[in-house]
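J.: If you want the building blocks of each chain, they are given just below.
Protein chains: 2
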Amino acid sequence: MLADGREIIYFDEAPDSGRADLADERELPRVEPAGSEQGSVPDDRLRWDPLLGEWVAFAEVRQGRTFLPSAGDCPLCPSRPGKLTEVPAPDYDVVVFENKFPAFAGSFSGPVVGAGLYDRRPASGRCEVVCFTADHDASLADLSARRTSTVLAAWADRTTELGQIAGIEHVYCFENRGPEVGVTLQHPHGQVYALPFVPPRIRQMLARAQDYRANHGGNLFDDLLAAEVSDGLRVVVRNDHWTAFVPAAARWPFEVLVMPSHRVPDLGYLSHDAVAAFGDIYPAVLQRLDALFDAPMPYMAVWHQAPVGSPDARRELAAFVQIMAMRRAPGKLKYRASTESGADVWSSDVLPETAARMLREAG
Amino acid sequence: MLADGREIIYFDEAPDSGRADLADERELPRVEPAGSEQGSVPDDRLRWDPLLGEWVAFAEVRQGRTFLPSAGDCPLCPSRPGKLTEVPAPDYDVVVFENKFPAFAGSFSGPVVGAGLYDRRPASGRCEVVCFTADHDASLADLSARRTSTVLAAWADRTTELGQIAGIEHVYCFENRGPEVGVTLQHPHGQVYALPFVPPRIRQMLARAQDYRANHGGNLFDDLLAAEVSDGLRVVVRNDHWTAFVPAAARWPFEVLVMPSHRVPDLGYLSHDAVAAFGDIYPAVLQRLDALFDAPMPYMAVWHQAPVGSPDARRELAAFVQIMAMRRAPGKLKYRASTESGADVWSSDVLPETAARMLREAG
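Protein sequence lines, in the order shown, are assigned to chains W and L. At position 283 of the first sequence (counting the first as 1) the number is 283 in the working numbering, and the numbers step up by one without a gap. At position 348 of the second sequence (counting the first as 1) the number is 348 in the working numbering, and the numbers step up by one without a gap.
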């Protein structure tokens, strides 16, 4: 446990590291349990947008979050004498701890207030940081197959653990990479959001999968993966357990879906072999993205998976990672301007077949 | 008509300018009518995303579009001796012409091919550029009330005209402002997209409005506007015809909706008085956004309106402009990273009531 009461969990590749027993020697004020910064502010920080029918979270505390610190002040590096960080240990493999500036936090006791136009409720939930390596200057693309598997195992563990908390409806694992994406800490890390509602994107995919079954009789994800493997035109790389391909209607200039061969509802259901095999394929995709324009590719990598408590959704939805890489040409980014941001109408300058070929050739 | 066959339309504030009769003296290859660059490529550039149930357009031609030219090479400035631009006239008030690098173009003859996973059809439609002023260094916030009204009148005209083209289902008017948004031409301008489908965002708002009527008996937009005016806490500025307010669940740090007092389905139905009164209120909002951090505010401003051909939708949906301003603090932008881009889960650092107060005080 950290000095302010936040939980920290080490995922060690060697046994008996003893790290879990190390104390956080910082003097930090105790985190308020209710998720409200002052403890007295009513926790109604989740507001209903009546025009789109979605919840929006408000977290003014995040305005003060750590912003692009120098390497010497990195809060995600291991602690060293005279420089205590978020991680009390002098080294680590993969470590997970509660986010100091969470958008979702606290318990689930608050009711929905209001009716229709202005519903509000607590922005309850939990946000965690997942550090991939103690090496400040590394990136996930550089790590060993084993470490990549350890990162996935950590996300799988958190999916299962956080999904058991009362009130949590969905666990969302992701990595933001690069200042172009808005990253405020450069140390290689991902995140986990345990959410008190099912994200709109997941509801949308579930509706499509149910519609697809009604019209075609099969599972949307199974049929899509089979068609991509059979066609092969957009496949980037694959092994027995995973296929990485550019979707036929990719919104981002270099977008890659990495799907397991055997569909599972969430990461906790991946086999040991699948987790191990992920380490062989994922870095190969990331390295190709970096090689495309000989520069670190800014991307968002997000794990879609089924909601926690809905058997119907868990029967249809598939766990897979979507990498949204946003550089379209040397020095040029894909922006989500008015058509994308205001209408959800996307246009892309790069044909998916071209993107897949470029990625294959970059290997 | 421009030299390559694209249409150009002047919206003059004084009569008899004679501009419409000026010839484009450039030698340009004729634009292919089908919307495919080569005339031989099958026009299947609109692809169905089966996971989200949305169309995505592909326009490789846009990779070569003009990218941040210097002021002397601006294609949106009036033509002058030795420097012929997209506008043949030596001056103009507001001018509209077809986009040289359209994401949607051509006629509507192509069928949907494929079934389920890989549907494709022509990316037919029309994209237009709307220049707000001949002054390269101005911005919409600087323009007179009259000019602002002329811009709105141009958008209203294009909404009505383009909505009559067979196959067009929706007309979308917007402005991207600032390099942070991805603007590639700095001359003050907006755009119009005439689309062969109803945008996902519009379908989503319609579903909410229908749901609201079923549950509450009234119109969602009418009730929302009445509640905001009555409450007043989030109102920025208003006059008899328009109210500008920060929505209670704003996703962007400084987001403003400007709604007409009398609901209309699209801009073509605004009264003359409403169009004129818009010139008094809209620049006041934009000036406040620029004043907040004493720097030009990067924003996307988009006109939501009802689809062309659906009487049910036209009875429920309202025309209004949504300004999405993305600077959250001096030198800091709001990014749409993995939670927003991958899950449609938004969190904001700025409370809407705080944003509204800051905008009122910036006036």
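Note that these hints are calculated values from the structure, not bench results. One should not assume that every hint holds.
[Unchecked claim] Once the Cα atoms are required to be at most 20 Å apart in a straight line, the calculated SDA-like pairs of lysine to any residue come out as: (1) Lys332(L) x Glu180(W); (2) Lys332(W) x Ile9(L); (3) Lys332(L) x Gly182(W); (4) Lys332(L) x Gln186(W); (5) Lys332(L) x Val181(W); (6) Lys332(W) x Leu185(L); (7) Lys332(W) x Val183(L); (8) Lys332(L) x Phe293(L); (9) Lys332(W) x Glu7(L); (10) Lys83(L) x Gly182(L); (11) Lys332(W) x Asp349(W); (12) Lys100(W) x Thr184(W); (13) Lys332(W) x Gly182(L); (14) Lys100(L) x Gly18(L); (15) Lys100(L) x Ser230(L); (16) Lys332(W) x Phe293(L); (17) Lys83(L) x Gly178(L); (18) Lys332(W) x Ala20(L); (19) Lys100(W) x Lys83(L); (20) Lys332(W) x Gly178(L).
Please read these numbers as outputs of a predicted model, since none were measured by experiment.
J.: Enumerate the violated hints, using their earlier numbering and listing them in ascending order.
T.: 2, 9, 10, 14, 15, 16, 17, 18, 19
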